[in-house]
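What follows is each chain in one-letter form.
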Amino acid sequence: MLDVALSDNGEILLSGRFDASQVEKAKSIFNQIEKSSTVNFKNLDYISSAGLGVLLMTQKRLNESGQRLKLINMNKHISDVFNYAGFNLIFEIE
Amino acid sequence: MGKKFKKDITSLDLIFDYINTFVSTWQLDASISFSIRFVVEELFTNMVKYNRGAMNDILISLKKNNQNVIIGLVDYDVEPFDLTKVADVDITKPLEFRRAGGLGIHIVKRMVDQIHYEYENRNSKITVIKNLEQHNA
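Line by line, the protein sequences are chains A and B.
In this text, residue positions in the first sequence follow my numbering: the first is 16, and each later residue adds one.
In this text, residue positions in the second sequence follow my numbering: the first is 2, and each later residue adds one.
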């Protein structure tokens, strides 16, 4: 189960498991983002390509208006997935 | 051996429960656990999305020997689709030319040691091997 929440400082907090069954829930939040934002992965245990797709579509949409997502606090396994996908080249990750 | 799951994305919760039981039984580490979840989800959702035939349940099997975890998926009464022949995604393209399609299989190929595809009697069978010793080296 995935949980997507907005923190007081405007970060998007992901927690749980971002699998293919959670795409619509995630889209309902990510589709509302209109300016550069930080996505905090601290409590995210797992992501699949379905989750990568939501992030990619958001980044492409924001990029059209000069905005972008910054991704922080990934665990090593998720970081490996991002590297395999080449997402380290199209996202700011720290 | 193995367990059958309804050919629907809503099966993922039950599939993850099945994987968690396997991981706990063999006391596999977090990295192997992540890889098994990723591989099974990507292969299963690929079979669901492209639905190349009947809506029969999909058989998922997980096995372990001294060196490997062996993941198997069987999709019954379907048209063939050999994912080992799918071209790699160009991950160096700039953002505006990137697409999400194909990323899952692209990553699976990099995450595991061997992928085999067999098609017989209208059944598609995928076997994936993840080497534990190489992982621990």
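It cannot be assumed that every hint is accurate.
Said to hold, decoys possible - Lysine-lysine pairs mimicking BS3-like chemistry, simulated, CA-CA at most 27 Å apart:
1. B:K86 with A:K40
2. B:K7 with A:K42
3. B:K50 with A:K40
4. B:K94 with A:K50
5. B:K110 with A:K75
6. B:K65 with A:K42
7. B:K50 with B:K86
8. B:K8 with A:K40
9. A:K91 with B:K65
10. B:K126 with A:K91
11. B:K8 with B:K64
12. A:K40 with A:K50
13. B:K7 with B:K94
14. B:K5 with B:K94
15. A:K91 with B:K110
16. B:K7 with A:K91
17. B:K94 with B:K8
18. B:K94 with B:K65
19. A:K42 with B:K50
20. A:K42 with B:K94
21. B:K94 with A:K85
22. B:K64 with B:K50
23. B:K126 with B:K94
24. B:K7 with A:K75
25. A:K75 with B:K65
26. B:K94 with B:K4
Unchecked claim - Covered by chain B, per the in silico footprint, the following chain A stretches (three or more residues, Cβ under 8 Å):
27. 19-33
28. 46-56
Since the hints were made in silico from the structure, they are not lab data.
Treat the numbers as computed from the prediction; the structure is a model and nothing was measured.
Where a beta carbon is used, it is the ideal one built from N, C-alpha and C, also for glycine.
Okay, the hints, checked on the actual structure:
Only pairs whose Cα atoms come within 27 Å are accepted, and K86 of chain B paired with K40 of chain A is rejected, the gap being roughly 33 Å. Of the supplied pair hints, the one linking K7 of chain B and K42 of chain A holds, its CA atoms being roughly 25 Å apart against a limit of 27 Å. Pair hint K50 of chain B plus K40 of chain A holds up; C-alpha atoms about 19 Å apart against a cutoff of 27 Å. Simply put, K94 of chain B and K50 of chain A have alpha-carbon atoms about 23 Å apart, close enough for the 27 Å limit, and the pair holds.
Distance restraint check for K110 of chain B and K75 of chain A: the Cα-Cα separation of roughly 25 Å lies within the 27 Å cut-off, and the hinted pair is therefore satisfied. Under the criterion of a C-alpha separation no larger than 27 Å, the hint pairing K65 of chain B with K42 of chain A is inconsistent with the structure, at around 37 Å. Between K50 of chain B and K86 of chain B the CA atoms are separated by roughly 18 Å; this keeps the pair inside 27 Å, and the hint holds. Of the pairs offered as hints, the one joining K8 of chain B and K40 of chain A holds, with about 21 Å between alpha carbons and a cut-off of 27 Å not exceeded.
A distance of roughly 24 Å separates the Cα atoms of K91 of chain A and K65 of chain B; the hinted pair therefore holds under the 27 Å criterion. About 31 Å separates the Cα atoms of K126 of chain B and K91 of chain A, which puts this hinted pair outside 27 Å; it is violated. For a cut-off of 27 Å, the pair hint linking K8 of chain B to K64 of chain B stands: about 21 Å separates their Cα positions. Annotation: proposed proximity of K40 of chain A to K50 of chain A holds, straight-line Cα distance about 20 Å (limit 27 Å).
At roughly 36 Å between alpha-carbon atoms, K7 of chain B and K94 of chain B are farther apart than 27 Å, so this suggested pair is violated. Using a Cα cut-off of 27 Å, the hinted pair K5 of chain B and K94 of chain B is violated, with the two alpha carbons roughly 39 Å apart. About 18 Å separates the Cα atoms of K91 of chain A and K110 of chain B, which keeps this hinted pair within 27 Å; it holds. This hinted pair does not check out: K7 of chain B and K91 of chain A have alpha carbons roughly 32 Å apart, beyond 27 Å.
Among the hinted pairs, K94 of chain B with K8 of chain B is inconsistent with the structure: their alpha-carbon atoms are about 33 Å apart, more than 27 Å. Straight-line distance between C-alpha atoms of K94 of chain B and K65 of chain B comes to about 38 Å, which puts the hinted pair past the 27 Å bound. Under the criterion of a C-alpha separation no larger than 27 Å, the hint pairing K42 of chain A with K50 of chain B is consistent with the structure, at around 19 Å. With a C-alpha separation of about 24 Å, the suggested pair K42 of chain A and K94 of chain B falls inside the 27 Å cut-off, and the hint holds.
Annotation: proposed proximity of K94 of chain B to K85 of chain A holds, straight-line Cα distance about 19 Å (limit 27 Å). This hinted pair checks out: K64 of chain B and K50 of chain B have alpha carbons roughly 26 Å apart, not beyond 27 Å. Simply put, K126 of chain B and K94 of chain B have alpha-carbon atoms about 32 Å apart, too far for the 27 Å limit, and the pair is violated. Our distance criterion of 27 Å between C-alpha atoms is broken by K7 of chain B and K75 of chain A, whose separation comes to about 34 Å.
Between K75 of chain A and K65 of chain B, the direct Cα distance comes to roughly 41 Å. Violation of the 27 Å bound is thereby established for this hinted pair. Proximity of K94 of chain B to K4 of chain B is assessed by CA-CA distance (about 39 Å); at most 27 Å being required, the pair is judged violated. With 1 residues bearing a CB less than 8 Å from a CB of chain B, the region 19-33 of chain A misses the requirement of three and the coverage assertion fails. Proximity of the region 46-56 of chain A to chain B, defined as three or more residues with a beta carbon under 8 Å from a beta carbon of that chain, is not established by the 0 residues found.
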